[in-house]
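Asker: Please arrange chain B on chain A, whose structure you already have, making use of the hints.
Listed below are the residues making up each chain.
There are 2 protein chains.
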Amino acid sequence: MSKIKNKHVYTFGNKEAEGNATMKNLLGGKGANLAEMNLIGVPVPPGFTINTDVCTLYYKEGRDQVVELIRKEVEAGVKNVENIMGTKFGDKENPCLLSVRSGARASMPGMMDTVLNLGLNDIAVEGITRRTGNERFAWDSYRRFVQMYGDVVMEMKPESKEDIDPFEEIIDKLKEEKKVNLDTDLSTDDLKELVKRFKTAVKAKTGKDFPDDPWEQLWGSIMAVFGSWMTERAIYYRKLNDIPDEWGTAVNVQAMVFGNMGQNSGTGVAFTRDAATGEDIFNGEYLIDAQGEDVVAGIRTPGQITKEGSIRWAALAKVSEEDRKSNFPSLEEVMPEIYKELDATQQKLEDHYTDMQDLEFTIQDGKLWLLQTRNGKRTCAAMVKIAMDMLDEGMINKKTALMRVEPNKLDELLHPVFDDNAIKKANVVAKGLPASPGAATGQIVFHADEAEEWAASEKKVILVRIETSPEDLKGMNVAEGILTARGGMTSHAAVVARGMGKCCVSGAGSIKIDYKARTLSCDGITFKEGDWISLNGSTGEVYEGKIQTTQPEMSGDFGKIMELANKTARMKVRTNADTPHDSQVARDFGAVGIGLCRTEHMFFGDGKIQAMREMILAEDEDGRRKALDILLPIQREDFEGIFEAMHDLPVTVRLLDPPLHEFVPHEEKGQQEMADLMGITLEGVKEKVENLSEINPMLGHRGCRLGNTYPEISEMQARAIIEAAMNLKAKGINTHPEIMIPLTGTIEEMKMQEDIVRTTAEKVFKEKGDRIDYLVGTMIEVPRAALTADEIATSAEFFSFGTNDLTQMTFGYSRDDAGKFLPVYLQKNILKVDPFQELDQTGVGQLVEMSVKKGRKTRPNIKLGICGEHGGDPSSVEFCHRVGLDYVSCSPFRVPIARLAAAQAVIRKKEEKKAKKTSKKHKKAKK
Amino acid sequence: MSKIKNKHVYTFGNKEAEGNATMKNLLGGKGANLAEMNLIGVPVPPGFTINTDVCTLYYKEGRDQVVELIRKEVEAGVKNVENIMGTKFGDKENPCLLSVRSGARASMPGMMDTVLNLGLNDIAVEGITRRTGNERFAWDSYRRFVQMYGDVVMEMKPESKEDIDPFEEIIDKLKEEKKVNLDTDLSTDDLKELVKRFKTAVKAKTGKDFPDDPWEQLWGSIMAVFGSWMTERAIYYRKLNDIPDEWGTAVNVQAMVFGNMGQNSGTGVAFTRDAATGEDIFNGEYLIDAQGEDVVAGIRTPGQITKEGSIRWAALAKVSEEDRKSNFPSLEEVMPEIYKELDATQQKLEDHYTDMQDLEFTIQDGKLWLLQTRNGKRTCAAMVKIAMDMLDEGMINKKTALMRVEPNKLDELLHPVFDDNAIKKANVVAKGLPASPGAATGQIVFHADEAEEWAASEKKVILVRIETSPEDLKGMNVAEGILTARGGMTSHAAVVARGMGKCCVSGAGSIKIDYKARTLSCDGITFKEGDWISLNGSTGEVYEGKIQTTQPEMSGDFGKIMELANKTARMKVRTNADTPHDSQVARDFGAVGIGLCRTEHMFFGDGKIQAMREMILAEDEDGRRKALDILLPIQREDFEGIFEAMHDLPVTVRLLDPPLHEFVPHEEKGQQEMADLMGITLEGVKEKVENLSEINPMLGHRGCRLGNTYPEISEMQARAIIEAAMNLKAKGINTHPEIMIPLTGTIEEMKMQEDIVRTTAEKVFKEKGDRIDYLVGTMIEVPRAALTADEIATSAEFFSFGTNDLTQMTFGYSRDDAGKFLPVYLQKNILKVDPFQELDQTGVGQLVEMSVKKGRKTRPNIKLGICGEHGGDPSSVEFCHRVGLDYVSCSPFRVPIARLAAAQAVIRKKEEKKAKKTSKKHKKAKK
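From first to last, the protein sequence lines stand for chains A and B.
Letter 550 of the first sequence, counting from 1, is numbered 550 in the numbering used here, and no numbers are missing.
Letter 738 of the second sequence, counting from 1, is numbered 738 in the numbering used here, and no numbers are missing.
Just so you know, these hints were derived from the structure itself, not from any lab.
Worth double-checking, as some hints may not be accurate.
As the list makes no split between identical chains, a pair holds if one copy fits it or if it spans any two.
[Unchecked claim] DSSO-like cross-link-like pairs, simulated, lysine-lysine; straight-line CA separation at most 30 Å:
1. Lys512 x Lys669
2. Lys474 x Lys560
3. Lys173 x Lys567
4. Lys820 x Lys626
5. Lys367 x Lys88
6. Lys820 x Lys179
7. Lys399 x Lys409
8. Lys307 x Lys923
9. Lys192 x Lys92
10. Lys546 x Lys92
11. Lys820 x Lys863
12. Lys688 x Lys528
13. Lys921 x Lys179
14. Lys916 x Lys474
Bound-form chain A, shown alone (with noise of 0.2 Å):
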């Protein structure tokens, strides 16, 4: 293995190539795929591959070790060009072009530097005259070379933002002078002019000469794409897209092909299935007598590749038949041997990657060369027919099948999104973080009774807070979306938001709430309640004005995908549910059971309120005990309509958990209302309420330490489960209820806890005359109950890991309050993700497993859960399937990503299991 450490360059070319597909780590993907083409056959121009270890090393010890490592290499790399093109490296007769560009293990696209028509100067320019006799051609590549290597390799950057390109300001004086207006319009001779003018402006301002030596050339280029992978842009791409700076780049050297040589010369790119649906039709656009910019730039409109393609555009774009074959024919019929020899190539290389393929040519004087193939990108629809598609068509079978739908892009698939044409002309006022994903357009409405009032007139509106609290909830219930200041990705909106499957934009800083003038003011903008806004969940967006949604259809492949991934994941997936409604919901998208039905949102609402105020206001026990027997039936209730609606499935339900200071009113009107309704003063009230107040209530008198200080809750709460599930069996509907208990920090706040659970049960038993069977369990969410789960197991029969709790304390974090450091924590890359998104596996998980192995060892048939917002996410699925956890629990409209991320979890152990055999078997045979 050590000469491959010593191999830095990959050549490849006329269909041999050192490297090949596998090689993506080493080569780039761009780089493995070139080689690989080469090696079935597809025709590509020649080049070479310097690998990303280059990349490495250049940022650990610099340009020059780096050129004098791979400077031999690098020779003979062009050398084989040359060889294979029958071409000279700045030759007068047949001079050598290369493209330089950059190829990371990850697809960037425009993110870093590119070099075309290196090998040009005033000798090798008159060559390609000879050669093209086009003198025109030769002179503009050489002027866009000058151009792109000033640019990209010497640095000719505008001064400011406002300054304008330093060549184009060029471009427009020569323009100016010889009174034209298009480039087009300028003539080989203002072409050579602007190659000078631009050489002694690169000399102005850099106080160096431009290289003529192609060598210099080359190895400037090879050192800016290196250079470009830590350029700002660069690194704040990798950090959206979680691409590792450890990673680098490949650079890629290829001789130059033209599209733009004349009519005999094109270029396009092309899709070997429909990207958009997932259609099995070999679909993209062209140009003639264009370079590969071209098509993307949109100054020309391109042509489609197959002639049904181009007849369905023409509809699309009402053209008539006549217009289109004249103007706009497709290549099927401009160069039909050309795209016999494309199509064949299309199919070849879907057949060999086994995936959609995305590809680039060019076709240089009625030649057709590949420049590149890779998988590619497609919506969530096209992922999912295409992988079902493929397995239909026996390409693949059902493991890459599961393997190839992303388990996040499903999202788009159960929301609504915008119209596609209606976006692109809505103006972006503000950015907040994609709480909640979904497309909500609605009037501004800045109170939640308000925006109740509003739906109640079957007004559309977008409720807007500086922060919501559980007071809010019917309102966001109500709203199409809902828009804070405050609050990151897990507070309490945002959780929310996404528990109802609802558009959520959260902490959008740069919004002004004026709750008294009811404005709205951002982006120089002030709104006023009634205004229509609309807003984007799925990328944190917040639009003027009404836009036009859209509700995605789910094809029939879904299902199938679904039933796919039931059968291979071995973790069931439930459901953070606590109406009826949302328990339908999370069932009709495949939830088996409740893992978490939070009790204290059924607090909140008409009569219920009061009597929880009640409740918490009372001087003592017989006070709280005359409240609680006025919530008792009202919980009942709530419960036997979420278990009727889960029957025979199980439901955790969670005893009360948040401080009761969440549910007192905080303003005088509630306050004078409670006073009236208690017969106490307002003082006394507001007392109590002040009494109530925490410094870090997340820390504080909250979860099981309510029901350990006031046992008569946990009481009434058990009653009304036991009860619920009691006259629900006399009915002959089946139910599992487990209890969970919140917050539980050690051994004999359980104990407490169950033993009130126990004792209650079986009073009602008594009472009823006949038993059902429950569970009694925990959330682990504090430190210390992972810490001690082999003592908390001998009591309870679950663990549900609350990993946003746990993440809170075990970082220190507060969800609420993080939004002042963790941005920049993200930004400076302390934190890789966000620990609120993505589960810790090196901190928060090391408890998790440490609860799994010392509860299984206490009680052999734990049942063991994830019910924090983590259950949702495919890589923290991943980590719940690798600790052995039976369930993931999540939000309603997360339970298909979540038994998708399951099924893929099981796919990639065995795959790991696999390798590792593999790799022990080498080993063996090596010895």
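Answerer: Below, chain B alone, put in the same frame as chain A:
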């Protein structure tokens, strides 16, 4: 050993015994010593001890099973008493009378039940009359027995708190009928009448006949003693004194001896040394013709046992020698023979037990009986003196001397206390937590700045606040003591006060403070500003008015025991201090470094706080840097002072930790001041302040999150530290700075801070052309830091366990808010101890141990210490020793405690090791 398991009753008497002093766990302290006294030839009334296992069985299996189990053994025990005493149970001629007393492993004085004179009935009373020739004595004993048995066994208790004892009611009634005032005025016939009426009352109230059968009496009494183990007050006492419920009590049944049989009888208590001072003087009190209770009851003035003591007493009581001789003679004078025997016995007992003994004795008709011996309780001064004296006398070795001093007791020697006489008359008006020990008396002020003003004019003030914040620091420093309405043992007030060695009562929930009216209300009294109150920081009591305090003197023995401790301890003891004064105090107490020098306190005070606020309120880095430039010389000077005070010793300086919100002005006046100073609007300041507020500040933007989001702060602090050290070096003063990063949770956070510190240090070295040695390390106070200690140790050169925060996050308890549930948790036994006072070894300790292992694995020579409050708690210090920390750090006034605890930890571990070895040997031998 199985034979022993079936043995439940251990007899003793006549210099023989089945038990001995080592069997305290089984026989209780009293029982073991009764046996032991027999073995060494001390006269003890014969009897037997029912072991503690039976108590456990009593609660597991119930009364009947227990009686069945031990019946034969108890019968044999009684027989043995009868044989030795020549008496017979229930006999008409010479009845056997018994006492039944509890006796747990640890002394629980007055907590459990006792029955005396058992065996009396209408027949036996005649026997006693005949034997003693004293009918009145016989019937008085009978009357007392019925009363005691009725109370203890038959539960003849007052119906409610307001009611009088039912027996006392009968006595009062008879006295009224007989028109007499004193019990002693009742005739023998009256006593007979009382017995009759008592029995009638028992029958009427309980429906049961009073038992005449001595056996029934005996079983009833034994079971009543077992039953009294679980009375509310016993449970409460055990909680207060950390005695486990599982221990159970033994029952001691003994032949009765009477000190009240005439002038040739008597009773007394004695100490082999002076329990207050530790002086080696036999001392005690006695009464002629009296029973044990009479000495304690204080109705008659007891005489002194020794003549020397009697003369001393007379001098103090201003009693003439003549008066003394005739009315208060010593036992030595009254019964010289008995005295001689007693003196020899006390000497024998002290020599035998090699500790100061607390004896109870009874003289019955000229014969001395010892009823009890135990190690005497003593003041801390006595504890230290006796230990050192006995060491000097060769009675005990160094290890034993060290183990004889309770570390926590040392506190008594270090703080002022209330004058004994003054405190007796004082009125307790409220009770809070004993947050910081000592006594304080002063005038009430409600604001820190006013405390400063008042103190400046030589007034003694008590600062009374709802809670304190860092802004109150200077006021706290000048106050005699601090009283807060809110906050626990580790609230700001408590922690700071302990650091200052200043008396503090925190969380006195019953007091109401009205800042506006400047009043403090409690217990129905309203105190105004300027009124006098007094605080006992060791008990949490708040007194009305001014109470004299005294400063206890430190004896030379204290120094000697500390020296001994130093020679024995492996761990070093450092201190938590952030002023030169505190550093010096701690150094005087033997601290060998600073383990935690907080830097935030330095920012309060004239001129500093404004610059700090400017820094916080600045718009951008430039603004912050400007303010930091002002702070730099101030910090540097602070560090110079501390480093100088701690010359040659290591000083761990923690970089800025608290959330910035704690520094900004919260009242408009201060906000306006900042607005003026900074030339911005009041609204601007208000908005900034508002933006800084957090929902859970404990888990918010603080610790190294500050230094990582605003690196310029860490930079300034690092520079101040390094520059201070270099300035001192220039003056020839040796320093060892250790720079500590707070609240680290990830290796990336640590690395980034380390980088800032090292880069800054190198800059300073370059500037000064010299270098110093310094360390960079971190607090381990976030659970994730403990879990990833192996990673963090790659950067950190030392760990200091911040167990306050680690406890908060591991339990999920906010120490500011825990007052709402912690007291209930302690009361309900959910928590055995407050985890903020004693390190939770099961949970938090796991994380500490894990960090130690992981940290040492990465960096074998990593320095490990603790700087949480637990560093001054003996049980936690022992834990630290066991897990292998290098040092503990605590507030200056706890340094001696920690030093002693560290020494004891070594001894205890060695003893455990020895015990293990021995038990291994035994096991081996058995094989």
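Asker: For each hint, tell me whether it holds in the structure or not.
Answerer: How the hints compare with the structure:
1. Lys512 x Lys669: Intra 25 Å, inter 26 Å, cutoff 30 Å: intra and inter.
2. Lys474 x Lys560: Neither. Shortest intra-copy (36 Å) and inter-copy (72 Å) distances fail the 30 Å Cα cut-off.
3. Lys173 x Lys567: neither (68 Å within a copy, 88 Å between copies)
4. Lys820 x Lys626: between (43 Å within a copy, 22 Å between copies)
5. Lys367 x Lys88: within (21 Å within a copy, 128 Å between copies)
6. Lys820 x Lys179: Neither: 56 Å inside a chain and 84 Å across chains, both beyond 30 Å.
7. Lys399 x Lys409: For lysine 399 and lysine 409, only the intra-copy Cα distance (18 Å) is at most 30 Å; the inter-copy one is 70 Å.
8. Lys307 x Lys923: neither (55 Å within a copy, 94 Å between copies)
9. Lys192 x Lys92: within (17 Å within a copy, 142 Å between copies)
10. Lys546 x Lys92: neither (62 Å within a copy, 108 Å between copies)
11. Lys820 x Lys863: Cα proximity of lysine 820 and lysine 863: none, with 37 Å in one copy and 33 Å across.
12. Lys688 x Lys528: Cα proximity of lysine 688 and lysine 528: across copies only (25 Å, versus 36 Å in one copy).
13. Lys921 x Lys179: Neither: 74 Å inside a copy, 108 Å across copies.
14. Lys916 x Lys474: Close neither inside one copy (53 Å) nor across copies (65 Å); limit 30 Å.
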